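Fit chain B to the given chain A structure using the hints.
Protein sequence lines, in the order shown, are assigned to chains A and B.
Number 39 in our numbering belongs to position 39 of the first sequence; there are no gaps in the numbering.
Number 147 in our numbering belongs to position 147 of the second sequence; there are no gaps in the numbering.
These are computed hints drawn from the structure, not numbers from a lab.
Mixed in with the good hints, there may be bad ones.
Subject to a maximum C-alpha distance of 16 angstroms in a straight line, what follows is the list of computed EDC-like cross-link-like pairs (lysine to aspartate or glutamate) [claimed, not checked]: (1) B:K384 - B:D333; (2) B:K65 - B:E46; (3) B:K203 - B:E170; (4) B:K266 - A:D80; (5) A:K191 - B:D153; (6) A:K191 - B:D256; (7) B:K351 - B:D333.
All figures in this text were calculated on a predicted structure; none of them were measured in a lab.
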Amino acid sequence: MINFALPKGRLAEKSAQLLAQCGVDTAVLSEDTRKLVLESADGKYGFFLVKPADVPVYVESGVADLGIVGKDTLIEEGRDLYEMLDLKMGECRLSIAGYPARRDVLTNPHLRVATKYVNTARRVFADREEIEIIPLHGSIELAPVTGLADVIFDVVQTGSTLRANGLVVLEDVYTGITARLVANKVCLKTKAAELLPLIAKLREAVS
Amino acid sequence: MILKKLPTGVQDILPRECRALASVREKLTRAFESRGYDPVLSAAVEYYDTYAGIRNALPQERMFKFTDQDGKLLVLRPDATLSISRIAATKLTEPEARLYYFLDKWDAQSAGGVRTREIFQAGIERLGEEGAFSDAQTIAFAIDCMHEAGLADCILDIGHVGFMKGLLEECGLTDAQAEEVRASLNAKDGLNAERLLRGSGAKEETLAAVRALPTLFGGKEVFAAARALTKNARALDAVAHLEEVRRILADMGYEDSICFDLGTGKSLSYYSGIVFSGLVREVGAPVLSGGRYDGLADDFGRHIPAVGFAIGLKRVLVALERQRNLPAQPVCDAAIACEEGCEGAAERLSKQFVSEGRRVTLAAQYGRDALAGMNAKEKWYVSKRGAERI
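For reference, chain A alone in the conformation it holds in the complex:
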């Protein structure tokens, strides 16, 4: 049996579609259920539906063999696993954004940065200005609007939320942030006969 850790939320539906396209029986994923562990009817696949930030944890530990997760989460979590494929979905950037008229805040010796990517922000700013990180879990754009922070460090997809709040991208730090297929380092080798054909199909589907 191949166990997947799949992210709830924005990548959920696309992930299921892609797997179905590669011959994985994903019918169980479209059922309206509150169950968190699902198994395909043929018993060949198991699915764990988890928060995106938790996908790397499940895969690193080997509870799941494979997972689908955004590169932003991988950078943030820094887990020891294999990135097998760029699935080229959900493309976005990780950017620093703020008010256009206050670009000079980037040279402020004590910059207040609101973000849900706390580890990544710390790394990005490690050899730059000193910062104070304000950890938030959502609606990051609210922080500069209310004066809670000088800038935000967040994913930017279309930029419409930024624009609606009068903010602009000051600097793109990581571009090409897309969903990735990740694999547990041990399972890839010990279950190679099961996993490699599926990974090959996925590679074909996305190229």
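This is chain B only, laid out in the frame that chain A set:
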């Protein structure tokens, strides 16, 4: 309340688990001794400067540090191989040594799941020897040791740091850039490695090789694919070396237990040649890790080519538990109780059973009732009339 608890990432080992650990240690000791290895122990506390001052310095945030009475910074043993390398270079006089150890090493940062901060390891080091035959023997013995420990379905995943280093050697990367590329490739993140290399102006041929590197794992077919990617002498030497190791391992009958991954670049920078990890399906992280580290002892004043491996004993126990191969809990062969005044006779009976190789418990309370709650194959009661089996 907090006084009764342990800090994050360390664990007490309770009797059941401790017995399983002792059983694995016993089996591994037999395996090590039977192949001519000698035991060694290194001090648990060393100077921080020993490991901060060498070329392959460990990251300081990973070391447990405290200060000595004279203010010098001390660390809890951060790595067994480094300690043994130091011992070999400074205290051993023979040109060659084969050593084994049971040591715990400390990693201040590692925590969560099967990662603990106190890491119980069993390992071997083969000091003063070089070549594919030495590497192959080490790998064969690593597989044997995993089996001896009771693990089923073990795979040894083999790589060579020279392949990746060779590919990257003409790119003019700084140490920090090279480390970032290595980390990306070790995670099979070819995209990021390519982006970093493109930024440093690497040749198109190198970029193509780096793109292909994450797919270069599997059986012996990877060697031809690897050879087609590069003309770099160091990378090609690495492939040739792996092929020779594979040939020897096949000749020894280990072909079904090995696979290869040329994209391996371990985080410990002291590895200089072949590297390998021991894998079992039941645990998501390697239970064994090792490789060749020819230049490591240079920093301690002597050049000693060497190869070795360490087994993570906690992970072995997790695997054994999931494979349902944990050793059974022994039951006492005999429980003995006595009446007041017969302590000497009861103790003599206990000793008699022990001399017969049996496991015995003597109750601390007087009277037959003491036997009621005891778990043993035989129960004996010693009174003034003598010993009787109940």
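Comparing the hints with the structure gives:
Between B:K384 and B:D333, the direct Cα distance comes to roughly 23 angstroms. Violation of the 16 angstroms bound is thereby established for this hinted pair. Taking the CA atoms of B:K65 and B:E46, the gap is about 10 angstroms. The hint holds against a cut of 16 angstroms. Note on B:K203 and B:E170: the hinted pairing holds, with a Cα-Cα distance of about 9 angstroms set against a maximum of 16 angstroms. Proximity of B:K266 to A:D80 is assessed by CA-CA distance (about 11 angstroms); at most 16 angstroms being required, the pair is judged to hold.
Straight-line distance between C-alpha atoms of A:K191 and B:D153 comes to about 11 angstroms, which keeps the hinted pair within the 16 angstroms bound. For a cut-off of 16 angstroms, the pair hint linking A:K191 to B:D256 stands: about 14 angstroms separates their Cα positions. About 13 angstroms separates the Cα atoms of B:K351 and B:D333, which keeps this hinted pair within 16 angstroms; it holds.
In summary, the structure is inconsistent with hint 1 from the numbered list given earlier, while agreeing with all the others.
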